[in-house]
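The task is simple: from the sequences and hints, build the whole structure.
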Amino acid sequence: MNRSSVPRPETPPRLRLEGITKRFPGCLANDHVDLSLMPGEIHALLGENGAGKSTLVKIVYGMLRADRGRIFWEGAETEIHNPMLARRLGIGMVFQHFSLFESLSVAENIALGIDERIAPARLVDRIGEVSARYGLDLDPRRHVYSLSVGERQRIEIVRCLLQEPRLLIMDEPTSVLTPQEVERLFETLRRLRDEGCTILYISHKLDEIRDLCARATVLRAGRVVSACDPREKSARELAEMMIGGDLAEPTREPVVASGPSLLELRALSTRAQGPFDTSLKNVNLELRAGEIVGIAGVAGNGQSELVAYLSGEERAPDAECVRIDGAPVGDDGPAARRARGLALVPEGRLGQGAVGEMTLAENTLLSEHAERGLVRHGFIQAARTTDLARRIIDAYKVVAKGPRAEARSLSGGNLQKFIIGREVLGEPRILIAAAPTWGVDAGAAAAIHQELIALARRGTAILVISQDLDELFVLCDRLMVMFHGKLSHSVARGDTTTEEVGLLMGGLFETARDARADVA
Amino acid sequence: MWPRLEPRGETSRLMLWLTPLIAVVVTVAVGAALFAVLGFAPLATLYAFFVEPLTTGYGIAEVAVKATPLALIAVGLALGYRANVWNIGAEGQLTIGAICGGGVALAFWGEDAGAIVLPLMLVAGTLGGMAWAAIPAFLRTRFNANEILTSLMLVYVATLLLNYLVHGPWRDPEGYNFPQSRLFGPEATLPIIWEGTRLHIGILIALAVAVGGWVLLARGHLGYQIKVLGLAPRAARYAGFSRDRLIWLTMIGSGALAGLAGVIEVAGPLGQLMPSVSPGYGFTAIIVAFLGRLHPAGIVGAAVLVALSYIRGETAQITLRVPLAVVGVFQGLLLFVLLAVDVLVRYRIRFRADEAAAA
Numbered sequence: 001m002n003r004s005s006v007p008r009p010e011t012p013p014r015l016r017l018e019g020i021t022k023r024f025p026g027c028l029a030n031d032h033v034d035l036s037l038m039p040g041e042i043h044a045l046l047g048e049n050g051a052g053k054s055t056l057v058k059i060v061y062g063m064l065r066a067d068r069g070r071i072f073w074e075g076a077e078t079e080i081h082n083p084m085l086a087r088r089l090g091i092g093m094v095f096q097h098f099s100l101f102e103s104l105s106v107a108e109n110i111a112l113g114i115d116e117r118i119a120p121a122r123l124v125d126r127i128g129e130v131s132a133r134y135g136l137d138l139d140p141r142r143h144v145y146s147l148s149v150g151e152r153q154r155i156e157i158v159r160c161l162l163q164e165p166r167l168l169i170m171d172e173p174t175s176v177l178t179p180q181e182v183e184r185l186f187e188t189l190r191r192l193r194d195e196g197c198t199i200l201y202i203s204h205k206l207d208e209i210r211d212l213c214a215r216a217t218v219l220r221a222g223r224v225v226s227a228c229d230p231r232e233k234s235a236r237e238l239a240e241m242m243i244g245g246d247l248a249e250p251t252r253e254p255v256v257a258s259g260p261s262l263l264e265l266r267a268l269s270t271r272a273q274g275p276f277d278t279s280l281k282n283v284n285l286e287l288r289a290g291e292i293v294g295i296a297g298v299a300g301n302g303q304s305e306l307v308a309y310l311s312g313e314e315r316a317p318d319a320e321c322v323r324i325d326g327a328p329v330g331d332d333g334p335a336a337r338r339a340r341g342l343a344l345v346p347e348g349r350l351g352q353g354a355v356g357e358m359t360l361a362e363n364t365l366l367s368e369h370a371e372r373g374l375v376r377h378g379f380i381q382a383a384r385t386t387d388l389a390r391r392i393i394d395a396y397k398v399v400a401k402g403p404r405a406e407a408r409s410l411s412g413g414n415l416q417k418f419i420i421g422r423e424v425l426g427e428p429r430i431l432i433a434a435a436p437t438w439g440v441d442a443g444a445a446a447a448i449h450q451e452l453i454a455l456a457r458r459g460t461a462i463l464v465i466s467q468d469l470d471e472l473f474v475l476c477d478r479l480m481v482m483f484h485g486k487l488s489h490s491v492a493r494g495d496t497t498t499e500e501v502g503l504l505m506g507g508l509f510e511t512a513r514d515a516r517a518d519v520a
Numbered sequence: 001m002w003p004r005l006e007p008r009g010e011t012s013r014l015m016l017w018l019t020p021l022i023a024v025v026v027t028v029a030v031g032a033a034l035f036a037v038l039g040f041a042p043l044a045t046l047y048a049f050f051v052e053p054l055t056t057g058y059g060i061a062e063v064a065v066k067a068t069p070l071a072l073i074a075v076g077l078a079l080g081y082r083a084n085v086w087n088i089g090a091e092g093q094l095t096i097g098a099i100c101g102g103g104v105a106l107a108f109w110g111e112d113a114g115a116i117v118l119p120l121m122l123v124a125g126t127l128g129g130m131a132w133a134a135i136p137a138f139l140r141t142r143f144n145a146n147e148i149l150t151s152l153m154l155v156y157v158a159t160l161l162l163n164y165l166v167h168g169p170w171r172d173p174e175g176y177n178f179p180q181s182r183l184f185g186p187e188a189t190l191p192i193i194w195e196g197t198r199l200h201i202g203i204l205i206a207l208a209v210a211v212g213g214w215v216l217l218a219r220g221h222l223g224y225q226i227k228v229l230g231l232a233p234r235a236a237r238y239a240g241f242s243r244d245r246l247i248w249l250t251m252i253g254s255g256a257l258a259g260l261a262g263v264i265e266v267a268g269p270l271g272q273l274m275p276s277v278s279p280g281y282g283f284t285a286i287i288v289a290f291l292g293r294l295h296p297a298g299i300v301g302a303a304v305l306v307a308l309s310y311i312r313g314e315t316a317q318i319t320l321r322v323p324l325a326v327v328g329v330f331q332g333l334l335l336f337v338l339l340a341v342d343v344l345v346r347y348r349i350r351f352r353a354d355e356a357a358a359a
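If you read the sequences in order, they're chains A and B.
Residue numbering for the first sequence follows my numbering, beginning at 1 and increasing consecutively.
Residue numbering for the second sequence follows my numbering, beginning at 1 and increasing consecutively.
Among the hints, erroneous ones may be present.
Unchecked claim - On the chain A side, residues computed to face chain B include the following (Cβ under 10 Å):
#1 Val256
#2 Ala272
#3 Pro328
#4 Asp331
#5 Ala336
#6 Leu344
#7 Leu350
#8 Gly351
#9 Gln352
#10 Val355
#11 Val375
#12 Ala382
To be verified - When the alpha-carbon atoms are kept at most 20 Å apart in a straight line, the in silico DMTMM-like pairs for lysine to aspartate or glutamate are as follows:
#13 Lys233/A x Glu253/A
#14 Lys397/A x Asp387/A
#15 Lys227/B x Glu183/A
#16 Lys227/B x Glu129/A
#17 Lys281/A x Glu264/A
#18 Lys281/A x Glu314/A
#19 Lys281/A x Glu320/A
#20 Lys227/B x Glu208/A
#21 Lys233/A x Glu208/A
These are calculated hints, taken from the structure and not from any lab test.
Positions of the beta carbon are idealized from the N, C-alpha and C atoms, including for glycine.
Next comes the structure, spelled out in structure tokens:
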């Protein structure tokens, strides 16, 4: 199966990087990085946030220029000045965030994203050919807004494949996919590999890398620290190579909470605000003290709306629909619900959970709790906000210059630790965490999980909304799935599997139930 | 290859404050070139424009008189602009403020009402400006109508209303049919604080407002909410700061200060209502607000600077025979250069194709 991953010695590497160095103001993103990618291999690029992976692939794709170092393409030294040149060489890249126009069709989106001009009819044919050849189901005439995230990703992949790349770079491609979609993606990637295409694969999900890749290069602080065969290493060993130390992955035994019901949704149905929003359909939910409940689901199935109605950013159609401690709060705004002990870690970090242009001290005020005394007689108590920011930085090991550091100067993982620390330090009775470790590296994710587990042990009811099933299976006592604005019944963690939840995430409520019956 | 803008990365705080100064220098240089092309001696003209007014006590007082309404209005506008609430209609709110304050003065005309009149006028003018600004605030929060358009359109309504009043019901019966009201009595006129000039206590009010605005933005929770709404609307939603409430407060606040500036103008230097109570202070204050970096301290400095261009514009046409339109040209040039310098501080121009793609 991996015959092509062991090339004959005379074959030059498809891409060879030699001594690539790139310095940004205040940080050395790449420090003499050497890397060679052989034809027909799937090569993993591993590293924590800020290890320099993105910088490196941007240099390869011509989006950034290295300060120093040489690039060899199929044995010949070359300079890649811009992405168009990269594509002409045969380098394709699928980004973590898609750039698609919702209101245009699949074919129109692809036409916009490729360099050569192809007649529309011819393009539709070629899309059909490529998607049939690689098992990427895609109807070129459909509009993007009606497609799932997995289908949207296929557009990006097909767009790349149309240019017949010999090197395909994939940045965190599976972070938004259901397990079944991941399996299909892997089939496509393996087929591409067998045809001789080289794939550079970036992911935080170490099990996937062990499944897919024959070689891995590990970056730490901009330097190559290790090259290995990930199939011979455990996920834990890989993670420890990335962080350069021991990894304490927290665990939690599921509990059956019998405490009082703290947060409750009763038959909440809403109308979508915009054409691309999801309406909630008869959502019921109960959260008890001391338990962690997970909501799985592919993004865009109503999770953002659910969070907005829970936090108070959106008022419920009926006050009775949302209850905290049994009291109807559907008409209350975020501040009033916060006063009742509800805290929220929002999905977005910069621009939602924190204001990038403001200091960490100023950012403590975003979720100001009255009892913290940060504001008195309408005036901000600067000494107290600075003190609180410093306490959060110390307690949660946030890497930052200090309370006066601007929020945008922090890496994603550190900013998330700060936001979670800010919410947890107020000892909330209910905590809603949306995508708490999305895009966060293994070390920070473990710290965040540890914090949530400890908080639940102290009696807080926690709701975790995530696309990452591994995370939900580590943390949660009960799991639910959100699909098309509906929330499934909850299942105890011990009674279900990732496969079953994966089927539910794809909307196959019935199939999942049948599958369970078969197992039983 | 077309030139492209490429981010420079980190912008220093020093540059942020230096850019208005650079803009002023560039504007003066361009102005000098303009004068030279028009056939005036550039240095002498610049001297007459920017230095001469400051050589006499009267000149300095006049600059302060003109800077007063500019600073008052610009501080209010800056609060709104920080929250992405774009009140462009300060000129209209100023006019309504002048009408309401002037109306009070005329109502008490000839009666010996004493010290109550002036405070009443100031309150009426402020309330008038607030009411006028409340219209776009309502339309924005209720119907999501763009406040830039509605507030701007209301300027013309206000101006026409003032015209009607001074041509009709409020015209001075003993004024030989000139379209202007009676001269206000002494109890309806702002006290002069510098004998022999027109400098009145309005300047103290403007300075107090600037200090208040500064404290509000730097320390007030309301100022914080305004900044968060402007910088990150989703964070404001997350925090539970009501967008509608902040739109109302900033609109009404800037309207109140514009109205106050209007009544201070008629109770101060003008002393009566006439068809035009302002040489465009409400619009010029927009330039002042940006030139002052939307910061009250910066705004006071910017107001003085822009006031200078007003002063000389009025007399330059007599002494130098420069057209009055030069004032508008200078003010427009200043805003244009400021915006350009702002862009160039953050971005550099690249002509080479390969580097352009890095953006």
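Hint-by-hint comparison with the structure:
1. Val256: Given a least distance of 33 Å, the restraint on Val256/A is violated.
2. Ala272: At 17 Å from the nearest chain B Cβ, Ala272/A fails the 10 Å test, so the hint is violated.
3. Pro328: 18 Å, violated
4. Asp331: 13 Å, violated
5. Ala336: 8 Å, holds
6. Leu344: 7 Å, holds
7. Leu350: This interface hint holds because 8 Å falls under the 10 Å limit.
8. Gly351: Holds. Min distance 5 Å.
9. Gln352: 4 Å, holds
10. Val355: 5 Å, holds
11. Val375: OK, holds: Val375/A within 10 Å of chain B, min 5 Å.
12. Ala382: 7 Å, holds
13. Lys233/A x Glu253/A: This hinted pair is violated, its Cα atoms lying about 26 Å apart.
14. Lys397/A x Asp387/A: 15 Å, holds
15. Lys227/B x Glu183/A: Violated, at roughly 46 Å.
16. Lys227/B x Glu129/A: 52 Å, violated
17. Lys281/A x Glu264/A: At roughly 15 Å apart (the allowed maximum being 20 Å), Glu264/A and Lys281/A satisfy the hint.
18. Lys281/A x Glu314/A: Since the Cα atoms of Lys281/A and Glu314/A sit roughly 15 Å apart, the hinted pair holds (cutoff 20 Å).
19. Lys281/A x Glu320/A: At roughly 16 Å apart (the allowed maximum being 20 Å), Glu320/A and Lys281/A satisfy the hint.
20. Lys227/B x Glu208/A: 43 Å, violated
21. Lys233/A x Glu208/A: Given pair Lys233/A, Glu208/A holds - Cα atoms ~12 Å apart, limit 20 Å.
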